[in-house]
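Participant: Next come the chains, spelled out residue by residue.
Number of protein chains: 2
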Amino acid sequence: MASFATTCAVVIIYSLCFLSTLIESYKGSSKTLYFKWKVEYMHWSPDCNEGVVMGINGQFPGPTIRARVGDTVVVELTNKLHTEGVVIHWHGIRQIGTPWADGTAAISQCAINPGETFMYKFIVDKAGTYFYHGHYGMQRSAGLYGSLIVDVAENVKEPFRYDGEFNLLLSDWWHKNVHEQELDLSSNPMRWIGEPQSLLLNGRGQYNCSLASQFSSPPLSRCKFTGTEQCAPQTMTVEPNKIYRLRIASTTSLSSLNLAIGNHKMVVVEADGNYVEPFSVYDMDIYSGESYSILFKADQNPAQNYWISVGVRGRKPNTPQALTILNYSPTSSKNLPTSRPPTTPLWNDYNHSKSFTNSIKALRGSPKPPKTYNRRIMLLNTQNKMNGFTKWAINNISLSLPVTPYLGSIKYNLNNAFTNSPPPDTFSPVYDVMRPPVNPNTTQGDGVYMLRFNSTIDIILQNANALADNVSEIHPWHLHGHDFWVLGYGEKKFTKKDVFKFNLKNPPLRNSAVIFPHGWTALRFVADNPGAWAFHCHIEPHLHMGMGVVFAEGIYRLKNIPKEALTCGLTGKMFMDKKL
Amino acid sequence: MASFATTCAVVIIYSLCFLSTLIESYKGSSKTLYFKWKVEYMHWSPDCNEGVVMGINGQFPGPTIRARVGDTVVVELTNKLHTEGVVIHWHGIRQIGTPWADGTAAISQCAINPGETFMYKFIVDKAGTYFYHGHYGMQRSAGLYGSLIVDVAENVKEPFRYDGEFNLLLSDWWHKNVHEQELDLSSNPMRWIGEPQSLLLNGRGQYNCSLASQFSSPPLSRCKFTGTEQCAPQTMTVEPNKIYRLRIASTTSLSSLNLAIGNHKMVVVEADGNYVEPFSVYDMDIYSGESYSILFKADQNPAQNYWISVGVRGRKPNTPQALTILNYSPTSSKNLPTSRPPTTPLWNDYNHSKSFTNSIKALRGSPKPPKTYNRRIMLLNTQNKMNGFTKWAINNISLSLPVTPYLGSIKYNLNNAFTNSPPPDTFSPVYDVMRPPVNPNTTQGDGVYMLRFNSTIDIILQNANALADNVSEIHPWHLHGHDFWVLGYGEKKFTKKDVFKFNLKNPPLRNSAVIFPHGWTALRFVADNPGAWAFHCHIEPHLHMGMGVVFAEGIYRLKNIPKEALTCGLTGKMFMDKKL
Numbered sequence: 001m002a003s004f005a006t007t008c009a010v011v012i013i014y015s016l017c018f019l020s021t022l023i024e025s026y027k028g029s030s031k032t033l034y035f036k037w038k039v040e041y042m043h044w045s046p047d048c049n050e051g052v053v054m055g056i057n058g059q060f061p062g063p064t065i066r067a068r069v070g071d072t073v074v075v076e077l078t079n080k081l082h083t084e085g086v087v088i089h090w091h092g093i094r095q096i097g098t099p100w101a102d103g104t105a106a107i108s109q110c111a112i113n114p115g116e117t118f119m120y121k122f123i124v125d126k127a128g129t130y131f132y133h134g135h136y137g138m139q140r141s142a143g144l145y146g147s148l149i150v151d152v153a154e155n156v157k158e159p160f161r162y163d164g165e166f167n168l169l170l171s172d173w174w175h176k177n178v179h180e181q182e183l184d185l186s187s188n189p190m191r192w193i194g195e196p197q198s199l200l201l202n203g204r205g206q207y208n209c210s211l212a213s214q215f216s217s218p219p220l221s222r223c224k225f226t227g228t229e230q231c232a233p234q235t236m237t238v239e240p241n242k243i244y245r246l247r248i249a250s251t252t253s254l255s256s257l258n259l260a261i262g263n264h265k266m267v268v269v270e271a272d273g274n275y276v277e278p279f280s281v282y283d284m285d286i287y288s289g290e291s292y293s294i295l296f297k298a299d300q301n302p303a304q305n306y307w308i309s310v311g312v313r314g315r316k317p318n319t320p321q322a323l324t325i326l327n328y329s330p331t332s333s334k335n336l337p338t339s340r341p342p343t344t345p346l347w348n349d350y351n352h353s354k355s356f357t358n359s360i361k362a363l364r365g366s367p368k369p370p371k372t373y374n375r376r377i378m379l380l381n382t383q384n385k386m387n388g389f390t391k392w393a394i395n396n397i398s399l400s401l402p403v404t405p406y407l408g409s410i411k412y413n414l415n416n417a418f419t420n421s422p423p424p425d426t427f428s429p430v431y432d433v434m435r436p437p438v439n440p441n442t443t444q445g446d447g448v449y450m451l452r453f454n455s456t457i458d459i460i461l462q463n464a465n466a467l468a469d470n471v472s473e474i475h476p477w478h479l480h481g482h483d484f485w486v487l488g489y490g491e492k493k494f495t496k497k498d499v500f501k502f503n504l505k506n507p508p509l510r511n512s513a514v515i516f517p518h519g520w521t522a523l524r525f526v527a528d529n530p531g532a533w534a535f536h537c538h539i540e541p542h543l544h545m546g547m548g549v550v551f552a553e554g555i556y557r558l559k560n561i562p563k564e565a566l567t568c569g570l571t572g573k574m575f576m577d578k579k580l
Numbered sequence: 001m002a003s004f005a006t007t008c009a010v011v012i013i014y015s016l017c018f019l020s021t022l023i024e025s026y027k028g029s030s031k032t033l034y035f036k037w038k039v040e041y042m043h044w045s046p047d048c049n050e051g052v053v054m055g056i057n058g059q060f061p062g063p064t065i066r067a068r069v070g071d072t073v074v075v076e077l078t079n080k081l082h083t084e085g086v087v088i089h090w091h092g093i094r095q096i097g098t099p100w101a102d103g104t105a106a107i108s109q110c111a112i113n114p115g116e117t118f119m120y121k122f123i124v125d126k127a128g129t130y131f132y133h134g135h136y137g138m139q140r141s142a143g144l145y146g147s148l149i150v151d152v153a154e155n156v157k158e159p160f161r162y163d164g165e166f167n168l169l170l171s172d173w174w175h176k177n178v179h180e181q182e183l184d185l186s187s188n189p190m191r192w193i194g195e196p197q198s199l200l201l202n203g204r205g206q207y208n209c210s211l212a213s214q215f216s217s218p219p220l221s222r223c224k225f226t227g228t229e230q231c232a233p234q235t236m237t238v239e240p241n242k243i244y245r246l247r248i249a250s251t252t253s254l255s256s257l258n259l260a261i262g263n264h265k266m267v268v269v270e271a272d273g274n275y276v277e278p279f280s281v282y283d284m285d286i287y288s289g290e291s292y293s294i295l296f297k298a299d300q301n302p303a304q305n306y307w308i309s310v311g312v313r314g315r316k317p318n319t320p321q322a323l324t325i326l327n328y329s330p331t332s333s334k335n336l337p338t339s340r341p342p343t344t345p346l347w348n349d350y351n352h353s354k355s356f357t358n359s360i361k362a363l364r365g366s367p368k369p370p371k372t373y374n375r376r377i378m379l380l381n382t383q384n385k386m387n388g389f390t391k392w393a394i395n396n397i398s399l400s401l402p403v404t405p406y407l408g409s410i411k412y413n414l415n416n417a418f419t420n421s422p423p424p425d426t427f428s429p430v431y432d433v434m435r436p437p438v439n440p441n442t443t444q445g446d447g448v449y450m451l452r453f454n455s456t457i458d459i460i461l462q463n464a465n466a467l468a469d470n471v472s473e474i475h476p477w478h479l480h481g482h483d484f485w486v487l488g489y490g491e492k493k494f495t496k497k498d499v500f501k502f503n504l505k506n507p508p509l510r511n512s513a514v515i516f517p518h519g520w521t522a523l524r525f526v527a528d529n530p531g532a533w534a535f536h537c538h539i540e541p542h543l544h545m546g547m548g549v550v551f552a553e554g555i556y557r558l559k560n561i562p563k564e565a566l567t568c569g570l571t572g573k574m575f576m577d578k579k580l
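Protein chains in written order, with UniProt numbering: chain A, 1 to 580; chain B, 1 to 580.
Calculated directly from the structure, the hints in this document are not laboratory data. There may be inaccurate statements among the hints.
Copies of the same chain are indistinguishable here, so a pair counts whether it falls within one copy or spans any two.
[Stated by the list, open to error] With a straight-line cut-off of 35 Å between C-alpha atoms, the simulated DSBU-like cross-links for lysine-lysine are: (1) Lys578 x Lys80; (2) Lys385 x Lys176; (3) Lys385 x Lys36; (4) Lys578 x Lys38; (5) Lys38 x Lys385; (6) Lys80 x Lys385; (7) Lys80 x Lys316; (8) Lys493 x Lys334; (9) Lys242 x Lys157; (10) Lys297 x Lys38; (11) Lys31 x Lys80; (12) Lys157 x Lys578; (13) Lys31 x Lys559; (14) Lys157 x Lys371.
Since we're looking at a predicted model, the values are computed, not measured.
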């Protein structure tokens, strides 16, 4: 096995050692994995430029959790920040039966206050490539993230074979601190945060230097590493002719990415923790919030090493490619490839992107969607103005989260916790999605889409033109608490006729799906997981500016929401006001 | 009245307009002043260099509160920060009967969470010059402060006469954001934050330029202002031959300051909200946490304007003087003084400092201290190491605040909330205060000095040599909830014989007192105010590094602590666990 994977090895501490009350009865071979984490700021040089990151237990990115299907993961999270709250969202884990462990501030729980500890306890019920990250303010952008990998159960085989594996967590990095970024975006007039200074692979990037300096434009100096630097790239070492699985997840704040391994074909086999019908590509797009596994064979000339490149797509890039090296053993990993790193496709070559996205189909035998839906919700994505501030809105409501987590306020019928009138299920039929809004004004709201338990929901995500002429951006939407089937993508405004193009045969199950510029995306899911669930654009500044909605279903069925999740706002007050 | 005072005019909104439940019955002419404040980050240029400040209602410094003795001040404080808690301490207000309104996180209340509102309600019972500031993490350094001025009751006269008044709130300012400063100080090895980039007068300073550029060394360009800039100095306009009161308070994070008005004699009449026997000076020291009133007569050539200068003392300065202009009407305020700004005394001319400090005596007729004490607590101030971290410690315990506010944990006997063994009342008799510690190791603790209610407490603050040879720093100590009498200052180690030098005749009543390098300061107060009270070095980085203690007295007498102050930690849990 390659050194790279060793570096990322998971420290699994069995609960036996620590806290007897936490021991789960072993179901078959399933275990309880117990972690004690401390979140704090750290000086760090993610891209060779020293800054401050939000780390866990002295590590950036945070420790990788590696579990097996059926395991219970317990993370006792202590907030060691001086004045800030914190939560962690376990991205892709559906939290079936444990919606209070979803780690979304103001939705599933109150932020954990400085000095306090919250226990996340949940079962990982599906093998796949996941990650975790902060979900309060823009703390994900501050570096609060890490990988979460779930292996198949011991007696279960993956539907593909490989000899070794690697893991790449992709992110983007700004030199401006996140509090200032939040303020910039919330200012009137809005100050855009700009493109990231660096892209990071497993938290490592290179600012103002390049491993492939001879090909860099504008010219950069050659990066020099001893290998111990926090920004030194992690090399992936392979043995010739073996097959490797590369797990890839993107927790970027802003950037849509494209990954390629020089000269190597990649076979996509997993997306967002679900198997897909294998297909081959030479480069692949990864949007924020997505995860993939690809297989590749080390079938090239083993006397050479090869570039792995990650570049920006979907926005005019101003950030150099991130690079690392695919090293063929026994060639020295210090031999830099002599070839040019794989070129990232043009940022606005959306046909290339769509071709990749449309290639993703569920693996034969995967769960099929219900044939019909009970309710269709059309969600128009618009960029708007509100008293001079710039906002993103859905059906003309820009999400502004309340103080009391929805999970509690809905459970306990606290009517004053948020707007009781639900947001609209659709938008004006005459809205022209190809042009800037005629009336760009929007308002903030915190209403909830209340979904009938076990009903089948269709979502049509409708993109639109932004405030400027001929601009429509990519938005990768992520749903908490569920996977959805992606029934289709289309151009311009969704019409009734588009329903006939839905793929009900082998639509991929995912938790994230992109809407392309001026296009639409159709999703279907069953509202079968009691809880309150964020559904939002995974671009951190967009969510900060209101680009999200909240779904809730079956919360009345939950009997045992831990009070510890609800110590703030009106739920906190309610618990405290109960007299002896 | 001068334009300057108008600029600082207080907006007093009577509760009548807003919230009928808040109306206090009028006691004589006393009123309830009602304020609705929002704390948020703002882009601001305090020293002409844009940064981020923590402001209130869009203002920096926050709005000035102007009240009259006997008034009830109500501040409904809403936290509009994205992820951070907040509190506000009303520095110098003793909070008699309202210790939960003292605004010290982890001591008197839980931090107010983002989106939440806390109501500070307290009576201002003593005329004087006060201020308010954040007291959570290092939020004071982030700019969370403002002035609080209490006038004498309508039927009461001040013991001096003046024709007009001005107010100067002094602070220091760093370009590095406060989260990074906190991290720097908490790092191993500690990274010192360095000297401030600028000194601010009412939140206004000039970085990289000077009003008196012809005298600046190293040379700086001449500042040019239209007058509307956030960093434009506020000119003080006087009429010839009239007498003015200048209120001065220092909320600096680090700097000890010295203020002078070119050519003008100043008569000191108030210190920390207590009248002092008037005495004249040409320059005066102001330590962080102190406030003064001085009177000066506009008795100089009215065809000229004059510099008001504020410079650094007690640390080798690396920050230019702050300057503003005393403008004689009708001379144009744009006529810069042609003279050199008053020179700040040498930073380490401690004799000059001591001379000023020793001149401060209580005004005849002021309350006298009890003749004897019930308990003497000796507090040795040391700089220490803890596993490589740099700390400040008192009797070798570096204060680390608990999660649950002491006010609640003591009231409800929550034994696990903090160390039950109290910190020591004294230190080793063989400790050599003139040399670096033989064993610099310290430990953190959160024990409390439990004071018998109504007992008289003597505090001997003993300074010592820091970690480096021949270094001993100034520490301005501030007590919450009380004024104390300053019985004396002395050199080197306090001995029994020093008692005979105590001033029991006319010691000044204050809430802040400095300890000079390698010296001691003796204080006396009566523990007659039920509550939990911080007593700490007012240098923000020093408190952050553990330089403080906590006193508590008579908490059992408190019947009505608002639960809203105690929603966190073990008190929050206790309230929540009470079953119906």
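Participant: Please go over all the hints and tell whether each is borne out by the structure.
Facilitator: Results for each hint:
1. Lys578 x Lys80: both (31 Å within a copy, 28 Å between copies)
2. Lys385 x Lys176: both (25 Å within a copy, 32 Å between copies)
3. Lys385 x Lys36: between (43 Å within a copy, 26 Å between copies)
4. Lys578 x Lys38: both (33 Å within a copy, 29 Å between copies)
5. Lys38 x Lys385: Cα proximity of Lys38 and Lys385: across copies only (23 Å, versus 39 Å in one copy).
6. Lys80 x Lys385: This pair counts as between: shortest inter-copy Cα distance 20 Å, intra-copy 37 Å.
7. Lys80 x Lys316: between (38 Å within a copy, 34 Å between copies)
8. Lys493 x Lys334: This pair counts as neither: shortest intra-copy Cα distance 52 Å, inter-copy 63 Å.
9. Lys242 x Lys157: Only inside one copy: Lys242 and Lys157 sit 19 Å apart there, 93 Å across copies, limit 35 Å.
10. Lys297 x Lys38: neither (39 Å within a copy, 59 Å between copies)
11. Lys31 x Lys80: For Lys31 and Lys80, only the intra-copy Cα distance (28 Å) is at most 35 Å; the inter-copy one is 42 Å.
12. Lys157 x Lys578: This pair counts as neither: shortest intra-copy Cα distance 52 Å, inter-copy 50 Å.
13. Lys31 x Lys559: within (25 Å within a copy, 49 Å between copies)
14. Lys157 x Lys371: within (30 Å within a copy, 85 Å between copies)
Against the hints set out earlier in the document, violations occur for numbers 8, 10, 12.
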